[in-house]
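K.L.:
Chains as they are written, first to last, in UniProt numbering: chain A, 1 to 454; chain W, 1 to 454.
Hint data in this document are derived by calculation from the structure and do not stem from the laboratory.
Accuracy of the hints is not assured; some may be wrong.
Within a straight-line C-alpha distance of at most 35 Å, the following computed DSBU-like cross-link-like pairs (lysine-lysine) qualify [to be verified]:
id	chain 1	residue 1	chain 2	residue 2
1	A	Lys180	W	Lys97
2	W	Lys167	A	Lys421
3	A	Lys421	W	Lys198
4	A	Lys198	A	Lys37
5	A	Lys421	W	Lys124
6	W	Lys180	A	Lys2
7	W	Lys180	A	Lys421
8	W	Lys167	A	Lys5
9	W	Lys286	W	Lys27
10	A	Lys5	W	Lys251
11	W	Lys430	W	Lys90
12	W	Lys398	A	Lys180
13	W	Lys11	A	Lys400
14	A	Lys124	W	Lys368
There are 2 protein chains.
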Amino acid sequence: MKNRKITLEEKEIPEKWYNIVADMPNKPLPPLHPGTKEPIGPDALAPLFPEELIKQEVSQEKWIDIPDEVRNIYSIWRPTPLYRAYGLEKALDTPAKIYYKYEGTSPSGSHKPNTAVPQAYYNKKEGIKRITTETGAGQWGSALAFACNHFDMECEVYMVRLSYDHKPYRKVMMNTWGAKVFPSPSNATGAGRKILEKYPDTTGSLGIAISEAVERAATNADTKYALGSVLNHVKLHQTIIGQEAVAQMQKAGDMPDIVIAPFGGGSNFAGLAFPFLRLNLAEGRKIRCIASEPTSCPKLTRGVFRYDFGDTVGMTPLLPMYTLGHNFVPAPIHAGGLRYHGAGVIVSQLLRDKLIEALAHDNVEVFKAGVLFARTEGIIPAPEAAHGIATAIAEAKKCKEEGVSRTILFNLCGHGNFDMKAYEDYFDGKIMQHELSSEEIDASLAQLDTPEIN
Amino acid sequence: MKNRKITLEEKEIPEKWYNIVADMPNKPLPPLHPGTKEPIGPDALAPLFPEELIKQEVSQEKWIDIPDEVRNIYSIWRPTPLYRAYGLEKALDTPAKIYYKYEGTSPSGSHKPNTAVPQAYYNKKEGIKRITTETGAGQWGSALAFACNHFDMECEVYMVRLSYDHKPYRKVMMNTWGAKVFPSPSNATGAGRKILEKYPDTTGSLGIAISEAVERAATNADTKYALGSVLNHVKLHQTIIGQEAVAQMQKAGDMPDIVIAPFGGGSNFAGLAFPFLRLNLAEGRKIRCIASEPTSCPKLTRGVFRYDFGDTVGMTPLLPMYTLGHNFVPAPIHAGGLRYHGAGVIVSQLLRDKLIEALAHDNVEVFKAGVLFARTEGIIPAPEAAHGIATAIAEAKKCKEEGVSRTILFNLCGHGNFDMKAYEDYFDGKIMQHELSSEEIDASLAQLDTPEIN
Chain A
1 MKNRKITLEE KEIPEKWYNI VADMPNKPLP PLHPGTKEPI GPDALAPLFP EELIKQEVSQ
61 EKWIDIPDEV RNIYSIWRPT PLYRAYGLEK ALDTPAKIYY KYEGTSPSGS HKPNTAVPQA
121 YYNKKEGIKR ITTETGAGQW GSALAFACNH FDMECEVYMV RLSYDHKPYR KVMMNTWGAK
181 VFPSPSNATG AGRKILEKYP DTTGSLGIAI SEAVERAATN ADTKYALGSV LNHVKLHQTI
241 IGQEAVAQMQ KAGDMPDIVI APFGGGSNFA GLAFPFLRLN LAEGRKIRCI ASEPTSCPKL
301 TRGVFRYDFG DTVGMTPLLP MYTLGHNFVP APIHAGGLRY HGAGVIVSQL LRDKLIEALA
361 HDNVEVFKAG VLFARTEGII PAPEAAHGIA TAIAEAKKCK EEGVSRTILF NLCGHGNFDM
421 KAYEDYFDGK IMQHELSSEE IDASLAQLDT PEIN
Chain W
1 MKNRKITLEE KEIPEKWYNI VADMPNKPLP PLHPGTKEPI GPDALAPLFP EELIKQEVSQ
61 EKWIDIPDEV RNIYSIWRPT PLYRAYGLEK ALDTPAKIYY KYEGTSPSGS HKPNTAVPQA
121 YYNKKEGIKR ITTETGAGQW GSALAFACNH FDMECEVYMV RLSYDHKPYR KVMMNTWGAK
181 VFPSPSNATG AGRKILEKYP DTTGSLGIAI SEAVERAATN ADTKYALGSV LNHVKLHQTI
241 IGQEAVAQMQ KAGDMPDIVI APFGGGSNFA GLAFPFLRLN LAEGRKIRCI ASEPTSCPKL
301 TRGVFRYDFG DTVGMTPLLP MYTLGHNFVP APIHAGGLRY HGAGVIVSQL LRDKLIEALA
361 HDNVEVFKAG VLFARTEGII PAPEAAHGIA TAIAEAKKCK EEGVSRTILF NLCGHGNFDM
421 KAYEDYFDGK IMQHELSSEE IDASLAQLDT PEIN
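Extracted from the complex, chain A is given alone in its bound form:
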């Protein structure tokens, strides 16, 4: 019998997160004040985040200790298994060796609790009673609900009304872990009330939900706000994935030539890829790290590198990022976690320095890859995860064409148990291609009046 899974023991859960900033040849540019456009310091984040997370956000230290309390909760589902994809390899008839790290074993079903747990922990430690956040499809909201519940904290989730009405099961999941879920816009905040007054029938947006969650945190001393991707400390926490994967690849007596992960705000990709990039930066290895994005939201492959806002309204600091423009509205693809206009700061700098690569996949190709994976490997992937599979398949096919064997590793970041509607749409022929024209991208970028970067 061939060995399919490479597992680690609970005691092998890493004890430190890896901060890639320490190893970057070009450090990220500073964030700018949205009004003055002058560089801002960490204190600007103090109303929203606890001190320890702000420290991590700007840290230059290479290794940051993971508290025992956090590792203890990680141990509910970590270390996660790493698989050799024998079934997929056979179906592709490829000389490539394909591995995947499976993050869907967490209680909420994705990699998101890797950062939700430490975020809740540091807030609790600093006396915070309540954490607010926004959520679209609900993957991040349920991870934070799970984490807050473990530290006996209140969790308030502002869920885009469209999702609240159409995807009730994620909401119930959050309730089961004790979180309060509001359809956004809600009557619980000034921002929400103002919008409801003007547009009583609105289905909401992620931008509005962020405004509500941020308002609650900014106006209550015992309340802070949490974000599920983009920021440096979020990427930092996710490096637990890649560190385990490095150990597991070593245990398998192998090492990837290519590392692949889906790309939304960057934490999924950072989580798997940064510990392998460390081997490139510190040991001179040449592992290709590829971010997988949807063709309907191609900020890495077709966006520009300049300062832009993190939100639609333009309230956040200006960040140096690959962006399609903060007013860009991606098509309503099922991979909701990848529908974000910009890329996190660190990943953007790495792409600019050509230390990583990016590849975009069409929605139809992505679901085809997801179904092939389910039928050959058994696990039904989330649509976000299926983007990574599509890239892995593309690279494995290249190996076949070129007649070379390469070792490919990708992040299977979550299962599709809450995404069955997406698969139903695929089988019903309702999944459409979403190729953006250059005119559409140019039109969005033309609206930007944020500082350019030379």
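Given chain A's structure and the hints, the job is docking chain W onto it.
P.N.:
Chain W alone, transformed into the frame defined by chain A:
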């Protein structure tokens, strides 16, 4: 950091299933022909099942080899982890040590693939092209779809129309693994057409769905039928759970005083409990094994031991079982997997011989236990699994009252990702108590004219 999970390596997946019949002091009574009421032999099963499974159904051998091809697919999710429930223990403030075996890591989310995979394998080996089955909520149907897909076999699932319409996501899951799913009654069978003609608007029943699946198998030489519980070979396959658990408890340096599992047809309970009962039967240990059933379907705690049909219509052989009568219609509780009128033959004999125990829990108590578990351990359990949790909590509370520490192990047989509607109903106060009156049970049993057992 306390050790929470006890894991095994892939190579530690057991190599044999355990057949408790070999160790039983009183062997099960023979099945009877539904018409003649005379004992029947294994050949009566030949139209429906492959030879190897029929052999296992009547085997007296203590150990039966697990084929490498089956172990290879098991390795997608096996060995499953065994957890120490520190969070639940703390919440209950009990001196008891509580462990649980978690079977929700399988791709379909429950223990069902443990038998679906070998059933598909043996059918494939004997040249069968297609397997048919019935499914209610869809847990068993999706396990079989997953298994057939791995052996490149067709899978036809007759899904009760009410579930087909109201629980579309399980159906999509089965489609994703390539299965054909028919709302039952369907036009694909004579039985279905006959019922549709008479009752075009019927929402179907499990009894009708069984008739359709059986008809397809009985009338097509390349087609067989598969069952997800009750039968001896199904229980046999599930013993992989308990064998792993015995090894894991030994690794933890502990051994349970009490072993608990939810009870529908018996395979869930058999899976965890039989390898511990072996220690009782072969080594003189005194581990209490408790089956958890709903008060709305209490065949073990309030049924009678006599011959009865396995199906509602009365087409199957007569089996010696604890039963509420084959016409008994349980309340529509969310734990669909536990809504069965009878108990499997082996488990019934063991209960009659007082080698195992049974406990019934009310629906409201069960959901309260499920939510407490989700909030203290992190994993949201399936309603079926929450029955086992309720029993574990009851026993842990007894330990507290009596001031003694006992070691409790239960089977967390599946996650609740597809059961969020049930939790929503619970939070909305829509889950009702279902206590049956003695009159209701007597009325159902009074209809029985099947052979009694002295």
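K.L.:
Hint by hint, work out which the structure violates, then give me just those numbers in ascending order.
P.N.:
As far as the earlier hints go, not one is violated by this structure.
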